[in-house]
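Undergrad: Work the whole structure out from these sequences, hints included.
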Amino acid sequence: MKIRDQVKAFKDGELSRRDMLAGLAAVGVGVATVPLTGRGARAAAGDATYFTWGGYDIPDLFQPYVEKHGAPPSFATFGGSEEALTKMRAGFVVDVAHPCNQAIPRWVSTGLFQPADPAKLSNWSDVIPSLYQLEGNVVDGKPYMVPMDWGQTSITYRTDMVDLGGEPESWGILWDEALKGRIGVIASAGDAWWCGAIYAGVPFEEISTDESFEKVAAVMREQRPLVRTYTDDMTTLQQALASGELMAAMTWNETATVLKSEGVPVKFAEPKEGALTWVCGAIIHKDAPNVDLAHEIIDSLISVPSGEFMIGEYGYGHSNIKAFDSFTSEQLADLGLSKNPDDVLSAGKFQIPQTQEFETRMNQEFENIKAGF
Amino acid sequence: MADSASLSGPAPAASASRSAGLARTFRRSETLRGYALLSPTLLVMALAMAAPTAMTVALSFFIQTGFEIEATFSLQNYQKVFTNPIFEALFYRTLWISGTCALATVLIAYPMAYYVAFHVHRRKLVWVILMTLPFWTSYLLRVFAWKVVLGYNGAINSGLMSLGLISEPLEFLLYSPEAVIITLAHAWAAFAILPIYVSLEKIDKSLLEAAADLGDGPMARFFRVTLPLSMPGVVAALFLIFIPTFGDFVTPALVGGPDGLMLANIVQKLFGKLNDWPLGSALSISMMAVVTCLCLAILWLSRKAKERLI
Amino acid sequence: MSRAAAFYRPNRPLLVYAVLYLAFLYAPVALLPVFSFNDSIYAAFPLQGFTTQWYADMFADEAMHGALWNSVKVGAVAAVFATILGVFGAKAITRFRIRGVKPVLGVIMLPLVIPPVIMGVALLVLLSQSGVQLSLITVTIGHILICVPFSIVTLMASFEGFDKSMEEAAADLGDNSWWAFWRVTFPMVFPGILASLLLCFTISFDEFIMAFFLAGTEQTLPIFIYGQLRFPQRLPGVLALGAMILTATFVIVFLAQWLRGRSPGVAQSGSE
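Residue numbers (the working numbering), protein chains in the order written: chain A, 1 to 373; chain B, 1001 to 1310; chain C, 2001 to 2272.
Warning: the hint list may mix true and false statements.
[Claimed, not checked] Once the Cα atoms are required to be at most 20 angstroms apart in a straight line, the calculated SDA-like pairs of lysine to any residue come out as:
id, chain 1, residue 1, chain 2, residue 2
1, A, K260, C, D2039
2, A, K120, A, V291
3, C, K2102, B, T1031
[Claimed, not checked] Far from chain C, some chain B residues (derived; all Cβ distances over 12 angstroms):
id, residue
4, L1022
5, T1072
6, F1073
7, I1086
8, G1164
Source of the hints: derived by calculation from the structure; they are not laboratory data.
These numbers were taken from a predicted model, which means no experiment stands behind them.
Just so it is clear, CB atoms sit at the ideal spot from N, CA and C, and this is done for glycine as well.
TA: This is the structure:
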């Protein structure tokens, strides 16, 4: 009936939107040039807030804190640490957040965080030093990120589907033509690029040189046609390994632990070239409203009970050396860990923090490769 | 004032003659009364959207260096958007995926909406709600379910293999652009059915009787009366599906695989890991402009089609 | 109606199509109840045996209950407000010939084309500049904004071609505008309003990225579920929840219909 009117209204509305935008641009210059961290959007009043992955928002990791305050801190959760950083850059203020080592230089250079005071952490003396002595992490004896959980990035493969033919385990599994279309790879360059470097034989000290960059890019390109999916979530990889959709995938420790406990025949490889070691931890926001409570949150996270929970339930390593005491050597070996965590740490390859320029270049190149260029 | 006048109806008799005159002007002017009625919606939307829109536009002309955003005017971002072959390839893929998805969803939903509007006489409400219920389960769960259906060892492949129709599992069913289309077509089904149903429902049935009296058969009645009168719903459904799916990033990330990435995934990454908000803004604005042009084309086509049908 | 009934007699091919279509809609979600009783944390065939453990997990998981309840609240409030704004907008646009309304309409439709990540970041920047505390209210506001275009477009299809004279007749009989709307317009556009409410609730209930940027410490269900992706152990609980939501909504709808028993479907009032 009056369809033409409606149609016309819609059409013209769309057309003149650009005029609207032009008018608004002036306002926009104002908004966009205001420093991104103004007064800040607080998460909650009174209580201290911990901004972390779902799964870390449980009382088990905060036993000393709960004993003292009767309840765990408030939680804000994220699914990926990059979107968490974006949210904080847009003005979200928390007390403590949860980054990982390869992102530390980037997080620190945003100017959004302050170092923790080891004097306020009763468990600091039990923290494994190699986990926090990362480039750029410690300033004047004060660490930005207090390490909490650590583990390996390696290959989880279906023992009933992948035939190694007597060869030792190697990163070559993820470049094996025989597994074409049945390989899963972590979408984040922070994991994948470094694993590519291990496979390409590039020493981590030289990873930022142009020659190494091209070498790694070449192996990532070589791998791309074999890959069924790139994903950032371990659940997708686990589900696909369980259903047989994937025969091998780049994963963290706990994937293999959980799959095995569900009766799926898998193994977490110990590649002859070495696995990639990662460490994540807690960092205090520059504008944290509760700095003392923030330290208490961190102290709880690095306490022995939290460590026992991390190791026993999630299959991760923990930064508190004493947390390993309540496990037998066999139990730890099953998880790819050890009574003497430094054994594992020194056998693995530790990511070396890189400059912002390198990170951006690496991320861009990897996105291009994933997109097929 | 305009607002209260439109809501409280005739001006109180006791008011002065001048205000009565104003009220008369107001009641005569369609534009004024229209804006009065529109004002709550318009105010809310304009206030809330001004800053995000303005920020996006402004950012798109700035330059990112490290974590700093330099507020100098530059067209460099737009230049990147229009010269980067990746964006071009992803643009065509995105267009193909969301276009196919919108068309397919509307086509398969139309008979369903038609059935409910014309052939269900009791408990229509139940039918309408039945068609939205599946979407109240988390999208992530539905994606997991789709993976079980479409996967390498999934229900479809197992079924086809046991029937002997294929000897090798079909790999393109999952982690592919096709998987994105199927998943999206399912996810947006309600957004096609409901607008079409609403426009069919309010068709004056006497028009159909009149057409029948003039000797039109069922097909002629459909093409001469029902379809043209339901076009507002069809066009609405096309927009409601095409526009959001053009900007979707969740589905491609979950089921698209390496070849199923879409433009919005890049926008998402530019605001995250790739850390270039200005380029992300420029890409978004370019996407918005293109979507707008495409919508105009749909409108133009639908108007032409309607003119021909009537 | 008897003559009209000739057009609307049962149409068997169409009925078959409708059933097939419903099967397409329900096939994937019908798997959720199946896997919610499967004794494995993975949703994959073959099934591993029967368990009710995931339901026990679900009932014990208070964070999940909180997230579900938050999502229901946000979804309901956002749907109602967006639909009210949608009614004003759609009514104004279809009832009056408004000069210069087209650019204005563009502003209202903006949230449909702006990528949600940008909406989320920009609104968060705005909120943090003004020192607003993030909460479910900020999430709800964000969801109202993205729902309004959906509501308006759906309602425009409903208001379009609406017979003005009916409302004017009601007004002539002494009803004021509100009464005329309530007694004449509302029943006729009820299918549209219902559709708008359903669509808006569905959008809000499933929306992740805006909710992520605008939420404080209270999370909505999608934020909770995406947060579980790192540790799949808790995912079967979510699966059980999905199955429960499906079952519960089914039961409610059918119970409501059964209670209304003799009265015809509400949506039919439009053809009275």
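Undergrad: Next, verify each hint and record whether it holds.
TA: Results for each hint:
Proximity of K260 of chain A to D2039 of chain C is assessed by CA-CA distance (about 14 angstroms); at most 20 angstroms being required, the pair is judged to hold. With a C-alpha separation of about 10 angstroms, the suggested pairing of K120 of chain A with V291 of chain A holds against the 20 angstroms cut-off. Pair hint K2102 of chain C plus T1031 of chain B holds up; C-alpha atoms about 12 angstroms apart against a cutoff of 20 angstroms. Even its closest Cβ contact with chain C, about 17 angstroms, leaves L1022 of chain B beyond 12 angstroms, as expected for a residue assigned away from the interface.
No beta-carbon of chain C comes within 12 angstroms of the beta-carbon of T1072 of chain B; the shortest separation is about 20 angstroms. No beta-carbon of chain C comes within 12 angstroms of the beta-carbon of F1073 of chain B; the shortest separation is about 20 angstroms. Every Cβ of chain C is farther than 12 angstroms from the Cβ of I1086 of chain B; the closest lies at roughly 18 angstroms, confirming the non-interface assignment. At the 12 angstroms boundary, the C-beta of G1164 of chain B stays outside the reach of chain C, the nearest C-beta of that chain being 19 angstroms off.
In this structure, none of the earlier numbered hints is contradicted; all agree with it.
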